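All residue numbers for the sequence shown refer to this note's numbering, where the first residue is 168 and numbers rise by one.
To be clear, the hints were calculated from the coordinates, so they are not data collected in a lab.
Just to be clear, a hint being listed does not mean it is correct.
Here are the simulated BS3-like pairs of lysine-lysine, each with C-alpha atoms no more than 27 Å apart in a straight line [to be verified]:
| no. | residue 1 | residue 2 |
| --- | --- | --- |
| 1 | K346 | K220 |
| 2 | K375 | K420 |
| 3 | K516 | K234 |
| 4 | K234 | K281 |
| 5 | K271 | K234 |
| 6 | K446 | K467 |
| 7 | K202 | K240 |
| 8 | K253 | K180 |
| 9 | K436 | K470 |
| 10 | K404 | K180 |
| 11 | K348 | K315 |
Being a predicted model, the structure only gives us computed values, none of them experimental.
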Amino acid sequence: MYPRIEIKLDAIKHNMTRLVNQCKASGIDVAVVVKLMCGDERVISSIIDLGAKVIADSRLENFKDMKGFTGKKLLLRLPMLSQIDKVVDLVDVSLNSEIEIIRKISEVASSKNKIHDIILMVDLGDLREGIIDIDLLDKTIGDILLLKGIHLLGIGTNLTCFGGVIPSTKILSKFVNIKDKIEKKYQIKFDVVSGGNSGILGLLTSNKMPIEVNQLRLGASIFMGIGLNDERIDGLKFDAFTLVVEIIEMMDKPSRPIGEIGLDAFGNKPFFEDLGIRKKALCAIGRQDINCEDLYSVDKNIKILGMSSDHLVLDISDVEKKYRLGDKVEFRLSYQGVLSAMNSKYINKSYH
Numbered sequence: 168m169y170p171r172i173e174i175k176l177d178a179i180k181h182n183m184t185r186l187v188n189q190c191k192a193s194g195i196d197v198a199v200v201v202k203l204m205c206g207d208e209r210v211i212s213s214i215i216d217l218g219a220k221v222i223a224d225s226r227l228e229n230f231k232d233m234k235g236f237t238g239k240k241l242l243l244r245l246p247m248l249s250q251i252d253k254v255v256d257l258v259d260v261s262l263n264s265e266i267e268i269i270r271k272i273s274e275v276a277s278s279k280n281k282i283h284d285i286i287l288m289v290d291l292g293d294l295r296e297g298i299i300d301i302d303l304l305d306k307t308i309g310d311i312l313l314l315k316g317i318h319l320l321g322i323g324t325n326l327t328c329f330g331g332v333i334p335s336t337k338i339l340s341k342f343v344n345i346k347d348k349i350e351k352k353y354q355i356k357f358d359v360v361s362g363g364n365s366g367i368l369g370l371l372t373s374n375k376m377p378i379e380v381n382q383l384r385l386g387a388s389i390f391m392g393i394g395l396n397d398e399r400i401d402g403l404k405f406d407a408f409t410l411v412v413e414i415i416e417m418m419d420k421p422s423r424p425i426g427e428i429g430l431d432a433f434g435n436k437p438f439f440e441d442l443g444i445r446k447k448a449l450c451a452i453g454r455q456d457i458n459c460e461d462l463y464s465v466d467k468n469i470k471i472l473g474m475s476s477d478h479l480v481l482d483i484s485d486v487e488k489k490y491r492l493g494d495k496v497e498f499r500l501s502y503q504g505v506l507s508a509m510n511s512k513y514i515n516k517s518y519h
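Please put together the full structure from these sequences, using the hints given.
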């Protein structure tokens, strides 16, 4: 059935094994971030089979089907006050920054006779989650240590995802310095110092990672073989996902629409270069499923012209292959493209 995303499980397994071993050699544990898979049981099962110790996701709902997993379940997105009861029931660890939410976790966990682990997030300048004010961080730590039902497992930080801040030894040294001061003041020792995501791997390979960092949260590198700035990482496979779509119309048509051009279905005014008559292929997939900006044709001679909500329009005038009605066209995907495809109920999945 088409459209279809083809998933190479062996490529994912290769990347995970290589990265886990590389991190282990530096005393770093890997939290396998599976949010890109949108709860796909087949892929997550393969991750579990490889011996993942920590599986992380940003959507609480995706943990419901991980009952066979005996490791730690980590909630990446800060918990909502309205979901604390489920947080305590479904996951072992959560990232946090707001003391009000942490107090609620304490209350709920205590009522269930549970201990919930938290990692307190520190904002080093990327300006997404985390406490950026040092005095507030200090006060929050003090308040947390008075609470029952929770365990302050460690501290964490995140870079690149929102502000695009590039990880550096200088930035992470600041993070380590904050950790050291907290541990000294409160006479505690953090079990986890979670230094970031796949964008930080360059510091590891160049031996510039502070030795105090003992956890990385890796997703894009495992599933797509990419790191900082979406650049490919040497030794990893980047072809784990291929989108396959079917041609439903193939005709010679003008390259420029006939008539006055206004706004398209999405409120944009498109531009078309007049190249005369071109051979065009219409494919059965649209923006309801995925954005054309996230598609990269395997056949380099195919030009993506655009998308409506249900159709993808291609220029196949310059291809060597003689495409026919019903033929399939393959595309590589960006990170966002994989996320969209995995999240669409209209895109079928196959596993190899």
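Results for each hint:
| no. | hint | in the structure |
| --- | --- | --- |
| 1 | K346 <-> K220 | holds, 24 Å |
| 2 | K375 <-> K420 | violated, 56 Å |
| 3 | K516 <-> K234 | holds, 23 Å |
| 4 | K234 <-> K281 | holds, 18 Å |
| 5 | K271 <-> K234 | holds, 25 Å |
| 6 | K446 <-> K467 | holds, 16 Å |
| 7 | K202 <-> K240 | holds, 12 Å |
| 8 | K253 <-> K180 | violated, 30 Å |
| 9 | K436 <-> K470 | holds, 19 Å |
| 10 | K404 <-> K180 | holds, 10 Å |
| 11 | K348 <-> K315 | holds, 23 Å |
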